Amino acid sequence: MFSERLSELSRRKFLQLTAAGVGAASMSGWLEVLAARAGAAPAPTAAKARSCILLWMDGGPSHKDTLDLKPGSKGAGDFKPIQTSAPGIEISEHLPGFAKVMKHGVLVRGMSTPEGAHPRAKYNLHTGYREGQGGLIYPSIGSIVAAETGKPESSVPAFVSIGSRSFGSGFLGPKYQPLLVQDPVRGVEDLKAVVGDARFDKRVTLLEEMETAFQGEYRAGAITDHKTTYERAVKLMHSKEAKAFDLTLEPAADKSKYGTGKFAEGVLMARRLVEIGVPFVEVTLGGWDTHQDNFDKVKALSGQIDPPIAALIEDLKARGLLDRTLVVWMGEFGRTPNINTRGAKPGRDHYPKAWSLAMFGGGVRGGRVVGKTDADGAAVVDQKVGTADFLATVCELMGIDHTKKNDTPAGRPISIVDKPKPFTSLIV
Amino acid sequence: MRTLRLLVLFALTVGLVTLLGDMTAAAQPANKKDKRNKKQHDPVPAVTPAPAVPAKPITGSVGPKDAAALARLIDEHITRKLTEGKVTPSPVCSDAEFLRRTYLDLTGVIPSSDKARAFLDSADPAKRAKLVDELLDSPNFGRHLADIWQPKLMRRDSGNRFVLREPFVKWLEDSFNKNTPWNVFVFNLLTASGTAEENPAVTYFLANRSVDKLTDGVAQHFLGVQLQCAQCHNHPFTEWKQAEYWGMAEFFSKVRAENPKNPNQGGDNSKIGVQEGPIRTKARDFFPESAKTVPAKLLGGPSPNLAPTEPYRPVLARWMTAPDNPYFARAMVNRTWALLFGTGFVNPVDDMHDENTPSHPELLAALARNFADNGFDVKYLYRAVCATQAYQRTSRPVSGNEKDDHLFSHLTVKVLSPHQLYDSLAAVTGLDKAPAEAAGKAGNPKRGPANPRDGFVQFFLAGAEAASPTEYEAGIPQALKLMNSRVTGNPALIRQFAAPGDQPAVVFERIYLTALSRRPTPAEVKRLTEYVSKAGTPAEAYGDILWAVLNSSEFTMVR
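Residue numbers (the working numbering), protein chains in the order written: chain A, 1 to 428; chain B, 429 to 987.
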């Protein structure tokens, strides 16, 4: 705690030094200090993943109709299991592409988590903490990865969220907020200037003159930070990396593999972003809250996710990026093993007690399964995985020390993940 | 060693909190029908039992208030510390600095160009004091303080998404504008009963429907004390023991707040309400076993004798808001000081404890006493602080005081809060003001914020509760929005500043007075004239200048 306070002091001092125009100390100089301090607890050396793509299935996909089928059980549903490229692993017949790339991924069938209402469950799975716990707003895994692995000087954003606002940076502050892409076809909001390039450059030059004059007189750290943030944003606008957001630049043949629709476009953009080194991309597909008409809906949703996921994994593999890219497919919980009795076309309700997610790439040894549910898919009977266990595993795969404590603005040290039992050793 | 102990203690906290969780969140999908039936068996009692103590705060007699005398007292303390520390204070700020600073600090928005011009050109020697009086009388004063307090009292979480916000905001605004004494305000808030429609103050309880949220919030916001650590263990570096926490929590154990309903399913959240019943509610179930026998206990004080049937909240509220309460006035003067100066005497402002020493202990004590003696008059406090030399110094550092961040040798350059930034941008550009009817809704997270102002604020807060006034925290997405969205990029904007044939210097003055509340310096006029002469058309150049000004640190900050 007190050492954290010291670092805050040294940060202030740093800002004051730069504010006073002392030397040409750079932001990275300060980060080196932090890195040296963090060096006391080295991250696992075997970590291979440099980026993570989180495919977020909003609403909570039915595990019994996707990754953990239980033919013959009560409430088994209509879908048949099929063989995958990983011997012994079977998944839904409506996920043939997923099945084809299964040998590159692991299934976690032992998920068991504490929250059964959408907002609280999403919060829990994104942050590792429960909403309201300790009176804080916790950062989401995307912001954590951005803060831990992003490069503050880089024009490449550290966290991009496609299709939904997602969960933000909480007490880590807006610097680690996701860059939002609401519609992949339209790209990043406000990335293009409203005036032409030449005129924009003139505007920026004028702004820089004003900044320098103001900073010269008032010499406050906040003014330096303002300048740095604007420089990064302008750099992004001008960068070749910004082209990663432009799907029109993708060859048609490559594009068609991903299928059609917003989610497919989002997955394609995620691949392009990972290629330029973005550490965390979240792509959201809604519609999984299938209280009614579960089977028609899950079948249709499976059709939407299957081609882009297969294309993504194959593309990453072909480009030599799969090992350094962790791809996670998940929602906020599973769905009831039984089929409810409401309405003409019944469905399944929320079920956090036992559910499944999938992880590909990022150094995992494919074709494995972590955890097992009982005959009905109703309870985890082997290798139960909680929220913290899962998030700590993601951190370990990405070389992030999840025991590290970040300070809240009030100076409370908070572990990145709280008391987890990661299962990394089972999958690498 | 000590650090390790703290960490262990902290880990325990989080663990236990996880265990306790939020009882409202059932892990299992409750059948909606069952839920509804249960609610019908659980009505709010219609009658409130007569309180054993009169439900009003203790107030002393107040003599004539002398803000100027308090200002002199403040300056004596501040000057003494500066002298002791051999730190040179910066000189008095310019009228332009004072104008924009007080507008933003007191009303949350920059002045119009007409106001700016009139103030700058006025030769009245008392114009600064008069301006402060005018701003304290402005309805924007209450609006600004409501912007600050509403997010604290009504945290943004999923349990609150259906709680009506607008009536509460209105209540806060009115209370601050009417200058309700701070002790009366807090007393009314903490003892509120009735429906949201009858008494919007109950919103505080509707938005904090568990004893831990209330205990944490009340301690933090009104007593300046962080108690939450003591929920699960004795506080590592204060005197707070776990019994202290649950002793305070006990005062809320009979509060019954109805659950807000989804308005899309016909819920009318103006009709839900709060009562303090004669018997304990299920809130008590939330207490850990060890705390169930803890009697109600005033923080750092005695356990009052409570009749089981009397309401508990007024007992707590009377103690908290009494002139001799050791925390209450201190917390508010420290907070008010921090709002004006960027930092408090104690920081963080809501973490006051023995080991967190104030920068000016005697001044803090004197201010707290004076505030209480003067009937907890918030506007009087503002008036006095704004009249000090300390507040009226420039934020330009002078040689030798650049590094001072706690003696108040010069004012801190503060970053505008998202509310201040939005309102100030709106004042310059005429951004769409929030439609009144849209503002009435709490903002469904699925469908996004209720109005453009709320949307802008949420975008800039990015999930945080509040923005820090001393650090520029915005990231790339926010910078992109300010540079490239219609907020600053609307080409039609410039027409209100420049008509064909206007002299460049006149246009510059309009832009600067409107956005920065000052006239451009001769050097700036020279540079901008040159810029215009090299541009394609004057209109284009003026558009560029306005864009740069709106994106500048000077606009984004209070100097």
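Hints listed in this document are in silico derivations from the structure and should not be mistaken for laboratory results. The reader is advised that the hints may include incorrect statements.
No more than 30 Å apart at the CA atoms, straight line, and that leaves these computed lysine-lysine pairs for BS3-like [stated by the list, open to error]: (1) A:K151 to B:K831; (2) B:K909 to A:K262; (3) A:K255 to A:K192; (4) B:K831 to A:K202; (5) B:K689 to A:K243; (6) A:K257 to A:K103; (7) A:K421 to A:K405; (8) A:K151 to A:K317; (9) A:K419 to B:K514; (10) A:K404 to B:K580; (11) B:K689 to A:K345; (12) B:K598 to A:K192; (13) B:K669 to A:K404; (14) A:K404 to B:K641; (15) A:K235 to B:K641; (16) A:K405 to B:K580; (17) B:K514 to B:K962; (18) A:K419 to B:K641; (19) A:K405 to B:K558; (20) B:K641 to A:K405; (21) B:K669 to A:K192; (22) B:K720 to A:K235; (23) B:K807 to A:K405; (24) B:K641 to A:K227; (25) B:K558 to B:K807; (26) B:K962 to A:K202.
This structure is a prediction, so every number in the text was calculated from the model and none was measured.
Checked hints:
1. Between A:K151 and B:K831, the direct Cα distance comes to roughly 28 Å. Compliance with the 30 Å bound is thereby established for this hinted pair.
2. A hinted pair counts as satisfied when its Cα atoms are at most 30 Å apart, and B:K909 with A:K262 qualifies at roughly 23 Å.
3. Between A:K255 and A:K192, the direct Cα distance comes to roughly 24 Å. Compliance with the 30 Å bound is thereby established for this hinted pair.
4. A C-alpha spacing of about 34 Å is found between B:K831 and A:K202, which places the hinted pair above 30 Å, so the restraint is violated.
5. Proposed proximity of B:K689 and A:K243 is contradicted: the alpha carbons are some 45 Å apart, above 30 Å.
6. At roughly 19 Å between alpha-carbon atoms, A:K257 and A:K103 fall within 30 Å of each other, so this suggested pair holds.
7. At most 30 Å may separate the alpha-carbon atoms for a hinted pair to count; A:K421 and A:K405 meet this at roughly 17 Å.
8. For the hint pairing A:K151 with A:K317, the CA-to-CA distance comes to about 25 Å; that is within 30 Å, so the pair holds.
9. Proximity of A:K419 to B:K514 is assessed by CA-CA distance (about 49 Å); at most 30 Å being required, the pair is judged violated.
10. Among the hinted pairs, A:K404 with B:K580 is consistent with the structure: their alpha-carbon atoms are about 28 Å apart, no more than 30 Å.
11. The suggested pairing of B:K689 with A:K345 holds, with an alpha-carbon distance near 27 Å, which does not exceed 30 Å.
12. With a C-alpha separation of about 39 Å, the suggested pairing of B:K598 with A:K192 is violated against the 30 Å cut-off.
13. Note on B:K669 and A:K404: the hinted pairing holds, with a Cα-Cα distance of about 27 Å set against a maximum of 30 Å.
14. Proposed proximity of A:K404 and B:K641 is supported: the alpha carbons are some 27 Å apart, at most 30 Å.
15. Among the hinted pairs, A:K235 with B:K641 is inconsistent with the structure: their alpha-carbon atoms are about 43 Å apart, more than 30 Å.
16. Simply put, A:K405 and B:K580 have alpha-carbon atoms about 25 Å apart, close enough for the 30 Å limit, and the pair holds.
17. Of the pairs offered as hints, the one joining B:K514 and B:K962 is violated, with about 50 Å between alpha carbons and a cut-off of 30 Å exceeded.
18. With a CA separation close to 24 Å, the supplied pair A:K419 and B:K641 stays within the 30 Å bound.
19. Restraint check: the Cα-Cα separation between A:K405 and B:K558 comes to about 49 Å, which exceeds 30 Å; the hinted pair is violated.
20. Between B:K641 and A:K405 the alpha-carbon distance is near 24 Å, which keeps this suggested pair within the 30 Å criterion.
21. At roughly 56 Å between alpha-carbon atoms, B:K669 and A:K192 are farther apart than 30 Å, so this suggested pair is violated.
22. Distance hint between B:K720 and A:K235 is unfulfilled; the C-alpha atoms sit about 59 Å from each other, more than 30 Å.
23. Of the pairs offered as hints, the one joining B:K807 and A:K405 is violated, with about 41 Å between alpha carbons and a cut-off of 30 Å exceeded.
24. Annotation: proposed proximity of B:K641 to A:K227 is violated, straight-line Cα distance about 39 Å (limit 30 Å).
25. As the CA atoms of B:K558 and B:K807 are separated by approximately 14 Å, the hinted pair is consistent with the 30 Å bound.
26. For the proposed pair B:K962 and A:K202, the alpha carbon gap of about 11 Å is at most 30 Å, so the pair holds.
Violated hints for the displayed structure, listed by number in ascending order: 4, 5, 9, 12, 15, 17, 19, 21, 22, 23 and 24.
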